[in-house]
Amino acid sequence: FVSSQVEILDWETKKQLCFLDKVEPNATIREIRLMFHKLHPRWYPARQSIKLDPKGKSLRDEEILQHLPVGTTATLYFKDLGPQIGWTTVFLIEYTGPLFIYFLFYFRMTFVYGLDERFTSSPHPVVNLACICHSFHYIKRLIETVFVHRFSRGTMPLRNIVKNCLYYWGFAAWLAYYINHPLYTPPSYGKKQINFAVIMFLLCEAGNFSIHVALSDLQRNGSKTCKIPYPTKNPFTWLFFFVSCPNYTYEVGTWISFTIMTQCVPVGLFTLLCFIQMTVWAKDKHCTYLREFKDYPSHRMPIIPFLL
Amino acid sequence: MAAAGGGSRADNGYGGQQARRRKGPGALATGYLVIYNVVMTAGWLVIAVGLVRAYLAKGSYHSLYYSIEKPLKFFQTGALLEEYLLIAKYLPGIVPSSVVLTAFQVMSRVFLTWAVTHSVKEVQTEDSVLLFVVAWTITEIIRYSFYTFSLLNHLPYLIKWARYTLFIVLYPMGVSGELLTIYAALPFVRQSGLYSISLPNKYNFSFDYYTFLILVMISYIPIFPQLYFHMLHQRRKVLSHTEEHKKSE
Chain A
4 FVSSQVEILD
14 WETKKQLCFL
24 DKVEPNATIR
34 EIRLMFHKLH
44 PRWYPARQSI
54 KLDPKGKSLR
64 DEEILQHLPV
74 GTTATLYFKD
84 LGPQIGWTTV
94 FLIEYTGPLF
104 IYFLFYFRMT
114 FVYGLDERFT
124 SSPHPVVNLA
134 CICHSFHYIK
144 RLIETVFVHR
154 FSRGTMPLRN
164 IVKNCLYYWG
174 FAAWLAYYIN
184 HPLYTPPSYG
194 KKQINFAVIM
204 FLLCEAGNFS
214 IHVALSDLQR
224 NGSKTCKIPY
234 PTKNPFTWLF
244 FFVSCPNYTY
254 EVGTWISFTI
264 MTQCVPVGLF
274 TLLCFIQMTV
284 WAKDKHCTYL
294 REFKDYPSHR
304 MPIIPFLL
Chain B
59 MAAAGGGSRA
69 DNGYGGQQAR
79 RRKGPGALAT
89 GYLVIYNVVM
99 TAGWLVIAVG
109 LVRAYLAKGS
119 YHSLYYSIEK
129 PLKFFQTGAL
139 LEEYLLIAKY
149 LPGIVPSSVV
159 LTAFQVMSRV
169 FLTWAVTHSV
179 KEVQTEDSVL
189 LFVVAWTITE
199 IIRYSFYTFS
209 LLNHLPYLIK
219 WARYTLFIVL
229 YPMGVSGELL
239 TIYAALPFVR
249 QSGLYSISLP
259 NKYNFSFDYY
269 TFLILVMISY
279 IPIFPQLYFH
289 MLHQRRKVLS
299 HTEEHKKSE
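Chains as they are written, first to last, in the numbering used here: chain A, 4 to 311; chain B, 59 to 307.
Calculated from the structure, these hints are not laboratory results.
Incorrect hints may appear among the rest.
[To be verified] Where chain B lies over chain A, by a calculated footprint (3+ residues, C-beta under 8 Å):
#1 182-189
#2 262-271
[As the list claims (entries may be wrong)] Quick list of the computed label-pair ranges, beta carbon to beta carbon:
#3 A:I146 <-> B:L86: 54 to 62 Å
#4 B:S298 <-> A:Q69: 47 to 55 Å
#5 A:F309 <-> B:A100: 42 to 50 Å
#6 B:N211 <-> A:Q69: 53 to 61 Å
#7 B:D266 <-> A:L145: 32 to 40 Å
#8 A:K18 <-> B:D266: 52 to 60 Å
#9 A:L169 <-> B:L138: 26 to 34 Å
#10 B:V158 <-> A:K230: 38 to 46 Å
#11 B:R111 <-> A:L276: 47 to 55 Å
#12 A:K18 <-> B:N211: 40 to 48 Å
#13 A:T16 <-> B:Y278: 38 to 46 Å
#14 B:P280 <-> A:S52: 30 to 38 Å
#15 A:K18 <-> B:S298: 27 to 35 Å
#16 B:S298 <-> A:F309: 53 to 61 Å
[Stated by the list, open to error] Using 25 Å as the maximum straight-line C-alpha spacing, the simulated DSS-like pairs for lysine-lysine come out as follows:
#17 A:K286 <-> A:K166
#18 A:K60 <-> A:K82
#19 A:K195 <-> B:K260
#20 B:K131 <-> B:K116
#21 A:K54 <-> A:K17
#22 B:K260 <-> A:K194
Just so we're clear, the structure is a prediction, and the values are computed from it rather than from any experiment.
Using N, Cα and C, we set each Cβ at its ideal position, and we do this for glycine too.
Model the full assembly from the supplied sequences, consistent with the hints where possible.
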């Protein structure tokens with residue numbers, strides 16, 4: 004029986020933070036993280052970045068010690084990732100905010116539009132429709148976060164939540180202000196425009212949901228391994244023929260439809276920013292797919308069929 | 059915000075590193091950069107000369123803006139090209155953080171030039187305009203000649219000293235001129251509703267340029283001290299490094 008030894012050094016100062024002897028060679032990095040955590044209680048596993056090289060990438064939990072290029076005494080480097088927060092928690096906070104903030108404006112709370120307008124309601128049906136759609140969108144997202152999504156990484160740095168919430172909550176307030184304003188002007192092409200937008204909205208929401216379910220099903224068997232997503236019997240997933248990240252495509256579609264429905268510049272600006280952000284994410288994901296799979300369908304584009 | 063010396067750049071400016079590699083593809087790029095910096099130096103010299111001539115002709119320093127309006131707009135906006143090249147990484151050897159800082163400075167200068175001074179005609183006769191124009195002019199002449207000499211690998215200590223010292227006076231001078239100009243523009247913006255749109259309108263959007271200008275002025279409070287102290291820090295680093303170098307010779 005040969006046991007390994009592991010020493011863990013600080014990535015910057017190279018000071019030895021811990022020395023583990025009698026480690027089983029087939030121990031996983033997860034187990035090593037737990038052992039490190041016992042010796043340094045304030046660095047819980049999620050905030051540990053353990054790497055082979057001080058400037059290298061963090062090792063995954065599933066990696067096995069004896070498969071790494073180390074001798075019987077392994078030297079690993081530790082970097083503190085800072086306080087972490089779970090993705091599920093982040094999403095729940097991020098999405099609950101806009102839901103309730105929108106209501107503040109919809110119900111015209113006292114401080115929003117002035118005392119004379121408090122608790123009045125809009126004469127335009129589209130304003131009610133917009134509230135229903137906006138709420139539906141965020142409730143759907145909350146449900147997906149709890150029941151559908153499987154996150155490949157458990158946590159993110161705590162400071163991200165401030166940044167993300169400012170963005171989502173801020174924009175929700177900004178666009179809700181104009182849509183529910185007493186001086187709101189309904190869309191120029193009236194019912195035709197609104198009906199078109201509603202249909203587009205529902206189709207995109209259904210599409211987005213279908214993709215999330217399909218992606219989640221992919222991960223059901225192989226916990227953290229990556230697989231190529233393919234179209235299924237559900238027609239909404241047929242977008243996988245053309246793009247790597249149809250969930251983003253549908254999401255942009257949802258917001259475009261909301262812009263058309265409300266004919267409101269702040270909504271349009273939010274849609275534009277969403278589009279830019281999602282294109283960046285989609286291109287990233289697309290590159291990851293291309294790198295990991297030799298047989299990845301070559302005609303697929305990241306987010307817009309044939310174009311982008 | 060007037061960047062006297064633009065101290066956010068690395069020690070020798072972007073020219074320094076380029077000049078060290080004398081052979082190979084660097085030569086052509088260096089050539090273009092030298093031409094660009096010489097042109098910019100000349101441009102700001104034209105503005106400086108224009109100011110002096112106008113002052114001598116009029117006998118007073120009021121309303122000198124009109125005599126240099128066009129070259130000022132041209133060369134200040136030209137700095138946008140420079141910023142684009144920096145961001146697109148066509149210009150070599152810059153510390154990433156300085157791209158953000160210089161972007162800030164360039165944007166604020168262009169904003170002052172076009173969105174305030176050009177747009178609100180009534181402030182063009184204000185003395186505060188002269189204040190920032192003079193600050194920018196001296197700063198830019200020194201900065202572009204600094205880059206030119208660095209690229210040619212023949213940097214006189216005087217230019218380096220000037221670039222990292224004069225900002226101490228020029229930067230606050232420029233900032234004061236800018237803030238006073240924006241402040242002077244406020245009543246005219248309020249009166250004319252410049253660049254503002256109010257509800258109701260079919261785009262369901264409102265924008266109040268008056269409030270926006272006030273927010274811009276407030277933003278100087280956190281940003282100006284940061285930039286100023288960053289440049290003081292750069293100064294200590296650059297000038298003490300040179301002295302050590304001299305001592306070792």
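So which of those numbered hints doesn't the model satisfy? As far as the earlier hints go, not one is violated by this structure.
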